[in-house]
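**Student:** Chain by chain, the residues:
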Amino acid sequence: MTRNQIAEELPNLAESKLTALVVDDSFVNQTIHQKLLNRLGIENDVVTNGKEAVDVYCSGRNYDLILMDMDMPIMNGIQATKRLREMGIESKIAGVTTRANEGEKKEFMEAGLNDFQEKPLTISKLLSILHKLNFYVQT
Amino acid sequence: MDLVQMQKSLQDYTKSLFLEGILDSQFLQLQQLQDESNPDFVSQVVTLFFQDSDRILNDLSLSLDQQVVDFKKVDPHVHQLKGSSSSIGAQRVKNACVVFRSFCEQQNVEACHRCLQQVKQEYYLVKNRLETLFKLEQQIVASGGMIPAVELGF
Chain A
0 MTRNQIAEEL
10 PNLAESKLTA
20 LVVDDSFVNQ
30 TIHQKLLNRL
40 GIENDVVTNG
50 KEAVDVYCSG
60 RNYDLILMDM
70 DMPIMNGIQA
80 TKRLREMGIE
90 SKIAGVTTRA
100 NEGEKKEFME
110 AGLNDFQEKP
120 LTISKLLSIL
130 HKLNFYVQT
Chain B
0 MDLVQMQKSL
10 QDYTKSLFLE
20 GILDSQFLQL
30 QQLQDESNPD
40 FVSQVVTLFF
50 QDSDRILNDL
60 SLSLDQQVVD
70 FKKVDPHVHQ
80 LKGSSSSIGA
90 QRVKNACVVF
100 RSFCEQQNVE
110 ACHRCLQQVK
120 QEYYLVKNRL
130 ETLFKLEQQI
140 VASGGMIPAV
150 ELGF
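For the protein sequence lines, the chains are A and B, in the order given.
Each residue of the first sequence is one higher than the one before, counting from 0 in numbering that gives the first Met the number 0.
Each residue of the second sequence is one higher than the one before, counting from 0 in numbering that gives the first Met the number 0.
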């Protein structure tokens, strides 16, 4: 998608100042996910596992959106999502994983996700997440 | 070779990687993310993939060479390699990892050894081809030209 096409899809995104947290242990995926978010003008930070995500929230930081990988060392995406919800965190959490069988997807959703996308992430999939989670104003 | 010929060679070379199934549309996604603010984005991500993969393949070789293979260690490595190869569009590496994982599930050591060889073969192939692609791009940029967009027509 060109920049103009993206702007047409989400005309108010520039003013929205959305923030996102990328939670993924793979440097390859971190780099790609951050670039996708940057392309859509979404400020973002990155952590490498679920425990770091929980710690970031415990330190008082907050994000509109979390892109949560499932398989990570120390604390995986399911555990981190459950923990964040137990803490009362209401940020939108989108699970992004290569694990796509129905059982694994169900377990991840039931941990407290708002949306789920199969990796690899693309601009279209990220736009789909943002649309689903109502991160834009329809004109 | 003049600039136009170099650009045509690059386009043909890139197309061949897609036609041979070495790369898939995810690689195009990465190319579309590359822009003036980050003109080396694709090569940066691919370099990270090479570094990751070298480490994972080394760990896999060590794990499979143990007297008693711990599949709880092997499978996550293969899963990680499947994930990163899928993220950069290295289709044949990803497919080889899918087969590898199925043999991990069966705890079939011999088949896993064969799978590791297959994954390594596909990995070295895509590594070699991408390194050539980046060299062609560098030659074009050094000659003052632009990298042409790939039109695949499929």
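It is possible that part of the hints are untrue.
The following label-pair restraints were derived from C-beta to C-beta distances [claimed, not checked]:
#: 1; chain 1: A; residue 1: E101; chain 2: B; residue 2: G144; range: 45 to 51 Å
#: 2; chain 1: A; residue 1: P72; chain 2: B; residue 2: D53; range: 30 to 36 Å
#: 3; chain 1: B; residue 1: D58; chain 2: A; residue 2: E103; range: 45 to 51 Å
#: 4; chain 1: A; residue 1: E85; chain 2: B; residue 2: L61; range: 36 to 42 Å
#: 5; chain 1: B; residue 1: V98; chain 2: A; residue 2: N133; range: 38 to 44 Å
#: 6; chain 1: A; residue 1: S127; chain 2: B; residue 2: S8; range: 34 to 40 Å
#: 7; chain 1: B; residue 1: T131; chain 2: A; residue 2: E85; range: 19 to 25 Å
#: 8; chain 1: B; residue 1: V97; chain 2: A; residue 2: E109; range: 23 to 29 Å
#: 9; chain 1: A; residue 1: S58; chain 2: B; residue 2: K119; range: 40 to 46 Å
#: 10; chain 1: A; residue 1: E85; chain 2: B; residue 2: D34; range: 28 to 34 Å
Bear in mind the hints are in silico, worked out from the structure with no lab data behind them.
The beta-carbon is built from N, C-alpha and C at its ideal position, and this holds for glycine as well.
**Student:** Now tell me if each hint is right for this structure.
**Tutor:** To see whether the hints hold, each was checked on the structure:
Roughly 49 Å separates the CB atoms of E101/A and G144/B, a value that falls within the hinted 45 to 51 Å. Under the hint 30 to 36 Å, the C-beta atoms of P72/A and D53/B, about 19 Å apart, miss the expected range. Between D58/B and E103/A the beta carbon distance is about 24 Å. The supplied range of 45 to 51 Å is therefore violated. Between E85/A and L61/B the C-beta distance comes to about 38 Å, which sits within the given range of 36 to 42 Å.
Between V98/B and N133/A the CB atoms are about 41 Å apart, so this pair conforms to the stated range of 38 to 44 Å. The hint said 34 to 40 Å for the Cβ distance between S127/A and S8/B, and at roughly 37 Å that hint holds. Look at T131/B against E85/A: about 51 Å separates their beta carbons, and that is not inside 19 to 25 Å. At about 26 Å, the CB distance of V97/B to E109/A agrees with the hint of 23 to 29 Å.
At about 42 Å, the CB distance of S58/A to K119/B agrees with the hint of 40 to 46 Å. Roughly 40 Å separates the CB atoms of E85/A and D34/B, a value that falls outside the hinted 28 to 34 Å.
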